[in-house]
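There are 2 protein chains.
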Amino acid sequence: MNPFDSCQYPDQETSGMNRAPGSVSIVGAGPGDPGLITVRGRDRLAAAEVVIYDDLAGGVLAAWCPPECQRIYVGKRCGRISALQNRITALMVAEARAGRRVVRLKGGDPFVFGRGGEELAALIRAGIPCEVVPGVTAATAAAAAAGVPLTQRGITSAVVFLTGHESAESPTGPIDWEAYARLGATLCLYMGTSNLGEVARKLTAGGMAAGMPVALVSRASCADQRVRLLRLGDLLRGTFGAFEAPGLAIIGEVARVASAAGELASLAAANA
Amino acid sequence: MNPFDSCQYPDQETSGMNRAPGSVSIVGAGPGDPGLITVRGRDRLAAAEVVIYDDLAGGVLAAWCPPECQRIYVGKRCGRISALQNRITALMVAEARAGRRVVRLKGGDPFVFGRGGEELAALIRAGIPCEVVPGVTAATAAAAAAGVPLTQRGITSAVVFLTGHESAESPTGPIDWEAYARLGATLCLYMGTSNLGEVARKLTAGGMAAGMPVALVSRASCADQRVRLLRLGDLLRGTFGAFEAPGLAIIGEVARVASAAGELASLAAANA
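If you read the sequences in order, they're chains R and L. Each residue of the first sequence is one higher than the one before, starting from 572 at the first, in the numbering used here. Each residue of the second sequence is one higher than the one before, starting from 572 at the first, in the numbering used here.
Treat the hints as calculated values from the structure; they're not laboratory data. Keep in mind the model is a prediction, meaning the values are calculated, not measured.
Pairs involving identical chains hold if they fit within one copy or between any two copies, as the list cannot separate such chains.
Here are the simulated lysine to any residue pairs, SDA-like style, with alpha carbons at most 20 Å apart:
(1) Lys773 with Ala750
(2) Lys773 with Gly755
(3) Lys647 with Arg686
(4) Lys773 with Gly809
(5) Lys773 with Met783
(6) Lys773 with Pro745
(7) Lys647 with Arg724
(8) Lys773 with Leu801
(9) Lys647 with Leu662
(10) Lys647 with Ala661
Based on the sequences and whatever the hints tell you, model everything.
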């Protein structure tokens, strides 16, 4: 059975033949909390006729997508990423050519580990009117949740976003973790929870101290968000327990400032 | 004359003595376009009694702040950054202690080159209920404007945010540009337009090719946004013309994908 078969398909019957040309908005949904999409992103959802969404964007969809809008799920349950990416592209093009206003809703920001670049390029090749609406990326949402500034005067003036599981894909070879360890920058690891121990070992080999502070944030901005403050040595030893996806690790001296987490959570709850 | 004297001050008369405790929301305004603040950020503005804002947040304020809300400008025209930062902190604490709902509105994301960490720490020390509402940071807004993904399969799986003018402030010493040149990561330079030539020289010394693509984006997301696509060599020679602040440079192989800029601009205009 084709893994895509379990997903929803567009209803071809509703595609009129004499409509105005359609368009695709590639919209960043933000980190998960429906309040953290942009006003424009929410407006695009409210006006959408079709929304093509994946795993990270479900809550945002439930909050802002009108009931008459068609929703097409194309997340991980739909199969292998590479085959899926071609199907998603074909779907967007077909829906737009049928004259529909399409929103491609992606978790976080479309251009930070979101494959938004590939989708945008395909739309442009196909001559579809399109735009990118940026979103709050997971690192800044995690930082806000933990009370950890990503840059701070006197601590660091650089921040790096990395994934822990994409080393084989780059033509420049695997990520040189030892070089990153020496930059003095804040390192934000996206979705790297499965190999945090291995990354910590390489950072240590690059000279990063085992006492380097780390903030682990799982499901940033969601109701079940969790922040844990620990040290690089805890990652080395694997003594940080279970960690629910999507997760983000903020590694750097800035994580010393994270004592604010409790107070932040309380106001957020009071204002919810 | 004290440089702060030209700024607005809070109206002490309106501060009641028997009100509930106030609070401060440190809100990221996003890159400038009022549509690119988050829904929560806009809601906090709509409910604010006092907004303390600076240069980058003016358009957002005009769009979403209710007329009866007091607006206090504390941007660059108010004087030296270090003195100003203490005044801003004192102002936030005083307004919250007077029982008011305060929004501290900051351009971009509060925790990416926004000094939000310092302000948050001061509020927590003072015992003020507070939160951080993240925002769309300039790099992702510039990327969306230029059609340049910050990461892309087969090109790079890392992105770095840096400032071009903060080298003396870090205890780890000046930024090691030559090391950054060798990472194979996308480099996003915030507000670094005054010394792009110097940065380009150091990146070249680190082995980055003069042919490396660069997207220069000024006033990303604003009506007068401008995208220029060039090469590191153009930065070296200074042949890129005037560049209006706030500006952002995206340096890396991903900038080859930027041919999309024209199409993106057209849909954005059609939807405005």
